[in-house]
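Student: Residues per chain, in single letters:
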Amino acid sequence: MTGTPEDLAEIRASVAEVLDGQADLRRTHEVMVGERGYDPLLHELLTAELGLLGLVVPEHLGGLGLDVPAATAVIEELGARLVPGALATSLTAILAARALGPSAEPLLARVVDEQLTLAVALAEDGAGWDLGQTATRATGAGDEWALTGTKTVVPGAEAARVVLVTARNEGGELGVYAVDRAADGVDVRTHMTLDQTRRLSTVRLREAAATRVDAPGGDGARVLLDHVRAMLALESAAAARACLDLTVDYLKVREQFGRPIGSFQALKHRCADLAVAVAGARATADHLVTTLRTGAATRSHDAALAKLVCADTLMTVAAEAIQLHGGIGFTFEHHAHLFFKRGKSAQLLAGSAAAVRAEVAALAGL
Amino acid sequence: MTGTPEDLAEIRASVAEVLDGQADLRRTHEVMVGERGYDPLLHELLTAELGLLGLVVPEHLGGLGLDVPAATAVIEELGARLVPGALATSLTAILAARALGPSAEPLLARVVDEQLTLAVALAEDGAGWDLGQTATRATGAGDEWALTGTKTVVPGAEAARVVLVTARNEGGELGVYAVDRAADGVDVRTHMTLDQTRRLSTVRLREAAATRVDAPGGDGARVLLDHVRAMLALESAAAARACLDLTVDYLKVREQFGRPIGSFQALKHRCADLAVAVAGARATADHLVTTLRTGAATRSHDAALAKLVCADTLMTVAAEAIQLHGGIGFTFEHHAHLFFKRGKSAQLLAGSAAAVRAEVAALAGL
Amino acid sequence: MGAPVSDEQFRAEIRGWLQEALTGPFAEAVGTGGEGREHEAHELRREWERHLGRAGWIGLSWPTEYGGRPATLAQQVIFHEEYARAGAPGRLGHMSEQLLGPTLLAFGTPEQKARFLPRITSGEDIWCQGYSEPGAGSDLAGVRTRAERRGDHYVITGQKVWTSLAHLADWCFVLCRTDPGSTRHAGLSYLLVPMNQPGVTVRPITQLTGTSEFNEVFFDEAVAAVEHRVGAEGEGWKVAMGTLGFERGVSTLGQQIGFRRRLDAVIARARSNGAWQEPALRDRLVDAYIGLEVMRHSAVRLLASAGEGLSGLEASISKLQWATWNRSLGELAVDVEGAGALLTGPGYELDDAQTHFLFSRANTIYGGSNEIQRNIIAERLLGLPR
Amino acid sequence: MGAPVSDEQFRAEIRGWLQEALTGPFAEAVGTGGEGREHEAHELRREWERHLGRAGWIGLSWPTEYGGRPATLAQQVIFHEEYARAGAPGRLGHMSEQLLGPTLLAFGTPEQKARFLPRITSGEDIWCQGYSEPGAGSDLAGVRTRAERRGDHYVITGQKVWTSLAHLADWCFVLCRTDPGSTRHAGLSYLLVPMNQPGVTVRPITQLTGTSEFNEVFFDEAVAAVEHRVGAEGEGWKVAMGTLGFERGVSTLGQQIGFRRRLDAVIARARSNGAWQEPALRDRLVDAYIGLEVMRHSAVRLLASAGEGLSGLEASISKLQWATWNRSLGELAVDVEGAGALLTGPGYELDDAQTHFLFSRANTIYGGSNEIQRNIIAERLLGLPR
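Protein chains in written order, with my numbering: chain A, 1 to 366; chain B, 1 to 366; chain C, 1 to 386; chain D, 1 to 386.
Chain A extracted, bound-state conformation:
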């Protein structure tokens, strides 16, 4: 594997094939109402067997050494099927760790070595995703840190073995720390969620042992936030497309008044508008992948903008999907509502529309 477009297409295709067999929407539907809320066997298959965690980890750390697009392609395929669990957050954390440079190499080596799934914990009550207001404290030095604080609405924590956490040291500096879920002083409480495909947890840390992942003086916390937004953007763009496909397929076969309802012009025009939105979201997500790949300085701007555009697009498409399906789209057994709920969680996580829009404006220098 050298990371050519053909390699990339092959990786995407093989992941898609596995997911189509093991983690299609019907399976997501089953898994999300189970006790765990995710499929441990799928996690095992994609990590230990397929080695996805090592995909973009450098070769000298034991990984396959592929570039960013290999991981983002997998995030998209997971997103299109709304796969629950810590697979997307793991790849997101790995991408973020890569971007953090040498200081994160020990973590990356451990990820491959121990096949660690990861979650990313940023938000706090009161602070939300405003990094400047982070109140979780880190005490210690060098390799030995103890974290105290509470992180809320953490995706992936129910299925992750390590959680990346933002915290402030005694000097007031914000940093990124890795905490083992199983360590003393770590309490993960997973909630039932409106978006059943994405459980959220409260992570309480009381003098929990941690290692620092980012280099002092850097913008590690921001790197983490940008990558979480990128995850939401990529998932949403892929899900929006899948949801539109689902809807269009239905409109082609469903008949009313003696005609396929997809032949009614009012519905056609609405679908056309959705297709335009989906194309825009996809292009914006693609651009973000390029930004992450090249390490461009526009990362924060592009991630914020893409999360806003893609989450809104998914919400628009999914809301129309329910409406265009009519009564059947309102049933629990149908998939439309999964996209709808996923759209709302993508909108509300990692910053409200107002906050993210203001960030985009500031970062764009408007």
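Wrong hints could be hidden among the right ones.
[Unchecked claim] Covered stretches of chain B (chain D as the covering partner; in silico rule of three or more C-beta atoms under 8 Å from a C-beta of chain D):
hint	segment
1	183-195
2	342-351
[Said to hold, decoys possible] If you want the ones that stay clear, here's a sample from chain D, every Cβ over 12 Å from chain A, calculated:
hint	residue
3	73
4	98
5	141
Since the hints were made in silico from the structure, they are not lab data.
Even glycine gets a Cβ: it sits at the ideal position worked out from N, Cα and C.
Following the hints, put chains B, C and D in place on chain A, whose structure we already have.
Tutor: Leaving out everything else, chains B, C and D in the frame of chain A:
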């Protein structure tokens, strides 16, 4: 005439008949590009001959003594045909004067006696329609006042003989004053306007002789502002309806792809949404008429809300009218753009959407 | 109870009665059974129907011989306003009173009226509606459920969906195809079918809220008496359309009070959690307020011109307005909550904002979808060609 | 000029050339002839076309034998970007270069190419487009203009509308019905008609801006040589559709620079007059920025996958995006101005915001209306049934 619903319908019908003959849209199109920008003969006909200025002036002041809805019906009929000039502003000023009570009776008597057309001048550079920031000064006392200041974007002034002006006296109190256009120190400069059916003037006052119209200690300026908003609301609701009718009639006859384009479902659904908006605007305008008629305490709230809703509705309908007419709707000789431009002037006059929305929220106690 | 009362008297009476009932034996029923909460407190709400009936609050404006009570259109609105204001429970008798009753009054035989109407006004019988079918959706003329006449009975086979309250109902009014060769609007009949018989099976539909308001109803050689056919054989379409007109009737007006309560609750929440300070959210809240004012003025205007009831056209405009408005408010409610709205109780237990957000997606689908309403408005109000 | 240059070299070259030309003899032409300003500075812009042609900037990627110049797709985009950035004048040669040229390259005879293309690349000939007809609008297949063959000529009678530049053009490419019994797509031919002949009359259409970009063109026994028919007789539809594809081509990508300039101007105005402090307006401005970013990413994505050119589908998405975006920005521009935007200069002279506001209403109508684009996307991209 006793003001029964039947009387009202009769007044509306007879005014509509005159306007259909003398002031239909085709005529508006001609008049608006002329030098004056309005039709003096129509003004003469509706005032001196039909006596519309006396319609709602109390009988003891020489008027017909009808109630508010008689005047608002005329404003609506003028609005539906986008009739330029000072007819609507005259009726608006008369309604406001009625609401001001005994202090305004001398003005009302003069209006009937001399067949005065009226304009209302509120806005100033910098202040806009924020009454609190009015800078025009009134010096004097009793019946003799002198006004100094500049009013901008004044509708109707090009065709009015008297202008009602808000000004602040030496005690800082805001009041309503009547200024004769022909008086010394009054300079009216009329501009060409984006909305060609509504010319706007700058009225410069330098020690101009004036009489006070409202009673000290009251909220005369607010009464005036509310009535101007009411005028914009009523005109817009009526124009929106006329514009939708125009468009629907076109869609019924215009053929493309071998069918009347009104049979295409996408266009039908858009027209249905417009019809819902028009019905809402109309109901809101009707409610405002009731408020003005009963002197309800909700006047400021209802006028602000109605101006917002009705102006936006006209803008929406007119924008769709151009689009649904296609190329022909983009030509100057077509009427669609007159509604479109009128919609924008209704939106931007008497307070921006943001300012008026904030007022509505405050007045509603939200 | 025969003499007409003034609107003020009427309002005072219903308000007083509701207050007494809802602070007394039915205190627990307050707030139950609203939209998306149809699954709540069935037993209590069934008793509530009887309580309402005994007090004479069912069948306003119906003839007194059937247990009705004289009431003007304005008073019917007042009833709905006060009912909503009091937070009284969602009506199990909604279909019976708003749909079947008016249909029987308009199309029923004297015997049918005498038999069924008093049991509606007394709150005893609960009815459900058998119109929609799988695969037909908004296209009611696509009914495929068959009813074959055998002597003095019809034998019914087919399937209905989106039947709310079917699991509680005593009777179902069912649109069936009695002429097997017919298509579309022709050949349908309107039958009254007892639910408690071997040929009827009810299966609840789980909705995206995780709860079940709606059901599938399977008819497998279920039986209805010929004398329980409303209207002539083959004229069921006309009868059903009459009912649809009533469905979007006067209760819409009273509904506004409930909407205002919802809006006020969302605004209060926004004020308490700081969302009100966010201009974009505040604008949306103010726009929701303005939209509700527009609906209120529209309703008053309709009421002033309505006389006997609302036409289908006015009802279509009203349905499109409120369904779309309420759906938007549902989304606004969770946006005001922010990310906290993503957490539910155990077992997918939803709070008011979450329930509103999810359930209101049905508003624009049921009772004639937005698309159907737009068709009606475009063709029948604006006269655009088919 | 034969050897390929790098993109950087190319950009430096065109940028330098434009700067020299537009600070020198063509300084007065800067900013003229944009959207809604087609009526400006005709003589100077005609000379500008020849200046462009002499410098070899017309016919990028066309064969050098017709005066073209080797240029990659990326370089064509660079040309449009730099052109917009420099504020260079609106192109009178737009139809010639973007529409007719590619059509002749694809469908023309060697003689037609040799005769017409060099006069396009030299900036000598100006062409206009004769497609739309009164009563046909977006339905090009409804063409009724007839062309009757008489010996080596066609004799043309009929009327075209929305013909921009007709009053300046030397030639018009006209879609005519050559088979009098035909309907719809069949029986049409694509003819090249000289404008300077007795049978052709041009009448300007006054638009809602008060200016005239567009014209009506009347053909009254106008003449075109049979050898100037492009494609076979009766195959004009296929030829014209090829041209429509080109129309929405690569220039769309360069257009973005112009959009950004417009947006920046509106934002600058909002900052200077205080509108930026108004959250609702600021949100709309930021959303416009975001919308433009999305269009930019879409364009880059298309470019990366395009190879030879854009497909009609991608072009439809792009057209719908930019037309709707630009129309919204036009409204935003006057809303930022506030009530002051209601005053014009004498003689209805419009400023930039007013021109943008009014003229942009045409964006969603011409070149295939939004409705036509939605039909195309729904049927050809999504595969929804007709």
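Student: With a C-beta cutoff of 8 Å, work out whether three or more residues of the segment 183-195 of chain B approach chain D closely enough for the coverage to hold.
Tutor: holds (count 5)
Student: Count the residues of the segment 342-351 of chain B whose Cβ falls closer than 8 Å to any Cβ of chain D, and tell me whether that reaches three.
Tutor: holds (count 5)
Student: Quick one: work out the minimum CB distance from residue 98/D to chain A and report holds if it exceeds 12 Å, violated otherwise.
Tutor: holds, 23 Å
Student: Holds or violated: is the Cβ of residue 73/D farther than 12 Å from all Cβ atoms of chain A?
Tutor: holds, 17 Å
Student: Closest CB-CB distance from residue 141/D to chain A, is it above 12 Å?
Tutor: holds, 18 Å
When the structure is compared with the earlier hints, no violation turns up for any of them.
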